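Read off the chains here:
Number of protein chains: 4
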Amino acid sequence: MIVFMSESAADADLLRVSHKARTLGLTPREVTDGSRRAVIVTGEGAAVDPEEFARLPGVASCDAAPRACLLAAREAREKPTVVTVRGASIGAGPCALIAGPCAVESADQLQRTAERVARAGIRFFRGGAFKPRSSPYSFQGLREEGLRLLENVRRQFDLRIVTEARDERTLPAVLEAADIVQIGARNMQNFSLLEAVGDARRPVLLKRGGGATLTELFLAAEYILARGNPQVILCERGIRTFESSTRNTLDLSAVPVARRHTHLPIVVDPSHAAGVAWAVPALARAAVASGADGVMIEVHPDPSHALSDGPQALAFDAFDALAAELRDLSAWMASRRPIW
Amino acid sequence: MIVFMSESAADADLLRVSHKARTLGLTPREVTDGSRRAVIVTGEGAAVDPEEFARLPGVASCDAAPRACLLAAREAREKPTVVTVRGASIGAGPCALIAGPCAVESADQLQRTAERVARAGIRFFRGGAFKPRSSPYSFQGLREEGLRLLENVRRQFDLRIVTEARDERTLPAVLEAADIVQIGARNMQNFSLLEAVGDARRPVLLKRGGGATLTELFLAAEYILARGNPQVILCERGIRTFESSTRNTLDLSAVPVARRHTHLPIVVDPSHAAGVAWAVPALARAAVASGADGVMIEVHPDPSHALSDGPQALAFDAFDALAAELRDLSAWMASRRPIW
Amino acid sequence: MIVFMSESAADADLLRVSHKARTLGLTPREVTDGSRRAVIVTGEGAAVDPEEFARLPGVASCDAAPRACLLAAREAREKPTVVTVRGASIGAGPCALIAGPCAVESADQLQRTAERVARAGIRFFRGGAFKPRSSPYSFQGLREEGLRLLENVRRQFDLRIVTEARDERTLPAVLEAADIVQIGARNMQNFSLLEAVGDARRPVLLKRGGGATLTELFLAAEYILARGNPQVILCERGIRTFESSTRNTLDLSAVPVARRHTHLPIVVDPSHAAGVAWAVPALARAAVASGADGVMIEVHPDPSHALSDGPQALAFDAFDALAAELRDLSAWMASRRPIW
Amino acid sequence: MIVFMSESAADADLLRVSHKARTLGLTPREVTDGSRRAVIVTGEGAAVDPEEFARLPGVASCDAAPRACLLAAREAREKPTVVTVRGASIGAGPCALIAGPCAVESADQLQRTAERVARAGIRFFRGGAFKPRSSPYSFQGLREEGLRLLENVRRQFDLRIVTEARDERTLPAVLEAADIVQIGARNMQNFSLLEAVGDARRPVLLKRGGGATLTELFLAAEYILARGNPQVILCERGIRTFESSTRNTLDLSAVPVARRHTHLPIVVDPSHAAGVAWAVPALARAAVASGADGVMIEVHPDPSHALSDGPQALAFDAFDALAAELRDLSAWMASRRPIW
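Quick note, the sequences are listed as chains A, B, C and D, same order. Residue numbering for the first sequence follows this note's numbering, starting at 1 and increasing by one per position. Residue numbering for the second sequence follows this note's numbering, starting at 1001 and increasing by one per position. Residue numbering for the third sequence follows this note's numbering, starting at 2001 and increasing by one per position. Residue numbering for the fourth sequence follows this note's numbering, starting at 3001 and increasing by one per position.
Quick caveat, the hints were computed from the structure, so don't treat them as lab data. The model shown is predicted, which means the values in this text are computed figures rather than measured ones. Be a bit skeptical, because a hint or two may be false.
[Claimed, not checked] Looking from chain B toward chain D, a few residues come up when the C-beta cut is under 8 Å (computed):
1. 1134
2. 1240
3. 1242
[Unchecked claim] Have a look at the derived ranges for each label pair, beta carbon to beta carbon:
4. C/2152 x D/3079: 25 to 35 Å
5. A/68 x D/3088: 44 to 54 Å
6. C/2087 x A/68: 52 to 62 Å
7. A/89 x D/3079: 41 to 51 Å
8. C/2052 x D/3302: 11 to 21 Å
9. D/3144 x C/2169: 18 to 28 Å
Idealized CB from N, CA, C, for every residue including glycine.
Chain A on its own, in the form it takes in the complex (with noise of 0.2 Å):
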C-alpha cells in the first residue's frame, strides 16, 4: 500500500502514518516522489483496511494495489540512477560492456576467459557458480567451487563480478564474489529472492523473464527498491514468441521504455535472446545503437564444447572483433548525444 500525503502535510502527519503502520504489524517507508511525500507500506501479513489511513491527518489518498512503479519511476529521482563499482559505470554515458562465458567451468577456461575480456579493455566479467537450468541433469554449474574461481579472475585482473544468484540460501556465498548480483529471468519474479537482494546492498543486475511484460520488470525491480536497495540495473534478454529463427525474441523496445518510465540503467544481452552466435554481433550492435547503458556479450575459448549454451557464446577471434566495434560504436553514441 502506499500512502500519498496532501501538499500540506505537517512532518507530524508523516510520523503517524508510520507509526499507525508499525502498530498494525506493518513495515513503513518514507518516499519522495518528486514533489510528493508518501509512505509506503509494505506487509507483514495483516490485511489492511486503506480507509485506516485514509482518514489520518494530512492523507491525500491511499492506493491498496497499485500496478505502476514508484520508486523505480523516471520521477522520483532527478537524475538516472548511475552504478559504479570500483570506478567501472554503469548508466553514466558510453554502453559498458560486460562479457564472460556463461557458465564458470574449469580455472583453464574461466583463466583464459577472464585474460582475455580483461585484454580487450572491458571491466565487467560475467560467468554463473550457480545455473538455473531447466532440466535436472544439465550442468548446474560449479557452485561455491565457481565462485572462488571468479574471486582469482577478479583480483588478477581487476573485472568487476557479475554473478547469479540461485536462491536465498546460497546469496551469502554469491555476495562474496559478486560485485553484481545476477538476478536470472526464471526467477524475476521470484519475490522472496528480489527481497533479500534489496537487503543485501549490492548492485542488482535484474533479468527480465521470458514471459514478463515492462511493467512487470518495472514492478520486478521496485521489490528491490522497496527494501533500500536503490542500485538496480535492469537487463532484456528476449522474450518468448512464436518465431523459432532465434531462441527469444530480443525486445529492443525495452530500451526506449525504460528511459521513458524509470531512472534505472539497462543493459541488453543479445546472446540470451538469440541463442546462436552468427546473430549476436547485429543485435549487439543494435543495442548499443538504441542507447542501451550496456552490452552482455557471451564469450568462450571453444564454444562447441561449453557446457551450457555454447551455440550463443562467440569464440575469442569474433569477440575481439565484435569488442572493438561496440567500442567504437559506443564512442560515436556517447559524441552524437543522440535523440530520444
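Go by the hints and put chains B, C and D onto chain A.
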C-alpha cells in the same frame, strides 16, 4: 546426467556407476525407465565428463543434457499417477474439483467460503496464505495467520487444503497446513524451491508458468520427481499471448499433451486463465470435457471487495450452479470413457 | 465513420445525413444500434472531416475511427444470429458438426469421405478446392475441378458445402459450389475479399487469423455485415504462441468472449489448432462443452497420404467414434442449457 | 513441387521434365539453385504424384511440399539482390532511408511532407493511397486521388514512390504511381496478390505479417520470385507478442536471419513496430546498426491530426534530427564494414 545401462548390465554394473558418482561428489539414483535401467546423477557441482561413465562396464550411453523428462515420462510407469489425500483422489477417474478464494483474507471470509465449498460436495479447498504479487505494494497474504485459518477450515469441514509455498524459508510452515503444496506459476522454474518440495514428500500442485512451454513444465516436475517425491500434479493456468480480452490464454491442449507425454495428473485453472468471472463456466466445462483430472475454481463471498483477483472469482450462487454442472459433466465423462 | 443520431432526431435528420454523405461521394447506411439510430458512412476515398456531420441537426456525435464493432455487437440484435442452409442450422441450439478433408484431392477421396460423414448424420461438409499454402510449391488444391467434385457430393449426399474462397477473381466459381463460403485465417484481413463476400449474400465462415485478436476478428466480420450480408459465422482455429507441442494454441476463450460481445455464432476448428490428430478428440469435446455453436473436424480416408495437413486428420474409425461422442455431449449441453 | 536434377542430367532431361509438367496442365520453370539445376513446377490444380517425375531420367529427387525457400535462398545467387530505382538503391551498401506519411491525406499534407523529406536528402517516399484498416469505419485512404497526388510529388521532388497495393483489382492503378509496390502486413499471405505482383515486374516491398514467422516471410517472397519477379525487398515491422507498452514488438533478429538465409535486402519499419513516436529514434538507430538495408520512417506535418497512425509519426523537426543522425550512423556502418 543420465547413465543408461545396457540390457545385459549386471547389478554390479549399476553399483559401480553409483559408486563412481559418489566418488565425484555427485548423487546417484537408480531408476527404471520402462524396461531400461538407468542411473540419474544429479550434481553437487562438478563438471563431470560423461565419458568417464560411458566407458564403465554395462553402460549403454550417457546423456549429459537431456531435454526430455525421464521420470515424468509416460513410459516410466505402467499406470497413471494418482494422488490421494485422506480418501480423495486426483487422477483416479472422475474430474476432481478444487475450489476456494484466491487469498485467505479473514476468518469470516474463509469460514463462509469453506462452508459453501464443502456443502457443494467438494473435497479440495484452495486459498493462498502467501501470495506472490507483481507489485510489492499489493496485499501479500495473511501468511502464518492465513495458514492457521486454513487449518481451522480443514478440521471443521474435512477439506483437503491446497495452498502455495512462496519460498524455502516459509515452506516448513506451509507444510503444516497444506495437504497439497502449490508451486505458483512465477515459481515454476524456482529450482531450489522445486528441490525443497521434492524433499518434502507431500503432494505438489505445480502450476505452469505463463511463459513456459509444456516441455519446461514436465522438466520442472522432473526436478521434484528426481528428489524422490512422486506425487506431482500438473496445472495449466493460461499462457501469455497477444490476446487481451482475457488475462491469459488457457491452453487446453496441455491436457492431451500431458496425457501423451507423462503419467502425471493434470488440473486446469480457468479462473486465473480467464481473469474474468464471466468466462469461467465455459472454460471450466471445456476443461472437464477435455479430460482434465481436476478443475480449480475461485469463489469468494464478495468478489468486488476481494483483496486479490476479485474480477475472476465467482460469487456463491454462480459457483453453486457451476459446481453442479461440472459434477454432471464429470459423471458423463466418467461413464463414456472417452477416446483420446 | 459512424454518425450517431440523438434520441430526438427526426427521420428528416437521418435523410439529411445520408444525403450529405452521398454528396461527398460516400456510401451511407442507416442502422439501428439497439435503441440508438446511426448512419454508417463507408468511404470511397474522401478524407471527410467528422465536424461536417457533427454540426448537422439531430446528430449526437461522430466517431471517425471506431475500434469496436457496431453491427456485430451483441446490442445490435435482440436475438443471436442463426445461419440456416436447407434446414440445417448453426447457432440455433445444439452444436453443429462440420466435417470433411482439408483439401479435395480426388473424386474417390471425396466420395468416400462424404459418404462416411453423411452416414454419421453430419450435414455440413468441408473441403478446400482452393488451398492457400505457405509455400508456392505445395499442393494448391484442385481448383475448379475440386469445386465440381464438391457439387457432386452435395447432390449425392445432401450435404451443405463449406469451402474456401481464395480471392475475388475466383469467388464467383466458389459461390457455385459453396453453401457457406470460408474465408481462411490468412485472408481474415484481406478486406477487399471481405467486401466481396459481403456483397455476395451467402453465409460466410470467417476464420480468425493466427496473429489476430478477437477484436480484430469481430471488426473483420463487421466489414461483411457493413456490406449488407448478415450471415457471418466466426471460427476459432488457434493462435500463434511460443508453445510448440501443438501447431497453434486453441484459444477457447474465444467462445465466451464472442458470446459476450457479439450476436454471431462461433465455430471451433480443433484440427487446425492442434495440428496433430491425437489431440483433436479432447479439444473437440472441450469446444462443445464451452458452448461453441459448431465444431469443424478434419477426416481423411488415409491421413498419412493426405496432400495437405495429413497429421491432423482423423481416420474413419476414430472419426466415427468422435462424432458419436460429440453428438452425445451436444445433447447433454442442449438439455442442460448451461450457465454463462 | 520442385524436381531436382542429378549432376549428370542432360539438357534433354530437363526438357523432358518441363514437357511432362505441361502435359499435366502445370507450369514448369527451370532454375539453378547454386550448382544444382531444378525445375519448379507450380500447379494449376492437379494433384500430381511426385513419383511420376521422380522416375524420369536425370531426376535426382522430387520435393512435393518443401518448407524452405529455394529462389529466395542465399545459395540461389552469388551476390545479394540490389533493387535500384532511377539510380537510388536498396541493398547496395549504405542503409537507405524511406520516409513519408502513413496515408496520403490531402495535396497540402503530401506536398509539405514530400518537400521536407526531399530536403533531408531522402530519395524514397512512402505514403498509402489504399489503406487496409482493421475497422470498416476508419479512413481507407484517398484511393485513386491519392495515387495522383503521389505522382505529383514524384515528379516535383524526384522521389521514388513506395505505396501499397490492397488487391488485384486496383493493382494496375497502383502500378502507375508506385516505383515500389508495398504488400502490407495483413496481405503477406494473400497469395493471389503475391502472384499478381510477381507478374507485375515492379520492385515489391513485402511486409512481414504480425503473426508470421520469418520462414513464412521468405516463402511469401518465394511466391513473387517464382513468378519471375526477382526484385523483392523484405520488411520487418514488428510482431504480435504479449508486451503492450509498444504496439508490436520489433524483431530485429530478422536482419541477421534474413542475411543468413536469403539474398534479398531487408528494410525495417520502426514506426509501425513501436506505434509511438517517442520510441522511433532509438529503434531506427538500432535498425541501421543491425545492418538493415533500409529504414522506413513515418513523418507528418501535424501528427496529432493524422487520419491514421498519428501517434507513431514524427513531426518535422524531430524527423530532421533523426534523419541526420541515421545518415551519420549509416556512414559509420558503411565505413566499418561490420562483422556478421
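Results for each hint:
Given hint, residue 1134 of chain B at the interface with chain D, is violated; its Cβ is 14 Å from that chain's nearest Cβ, farther than 8 Å. Evaluation of the residue 1240 of chain B hint against chain D yields a held restraint, the C-beta minimum of about 4 Å falling below 8 Å. Interface hint at residue 1242 of chain B: satisfied, since its Cβ lies 4 Å from the closest Cβ of chain D, which is below the 8 Å cut-off. In this structure, residue 2152 of chain C and residue 3079 of chain D break the distance hint of 25 to 35 Å, their C-beta atoms being roughly 52 Å apart.
Look at residue 68 of chain A against residue 3088 of chain D: about 46 Å separates their beta carbons, and that is inside 44 to 54 Å. Checked against the hint of 52 to 62 Å, the C-beta distance between residue 2087 of chain C and residue 68 of chain A comes to roughly 57 Å, which is consistent with it. A beta carbon spacing of about 44 Å between residue 89 of chain A and residue 3079 of chain D agrees with the range 41 to 51 Å that was offered as a hint. Distance hint check: the CB atoms of residue 2052 of chain C and residue 3302 of chain D are about 19 Å apart, consistent with the given range 11 to 21 Å.
Range check, residue 3144 of chain D to residue 2169 of chain C: Cβ separation about 20 Å, and the 18 to 28 Å hint holds.
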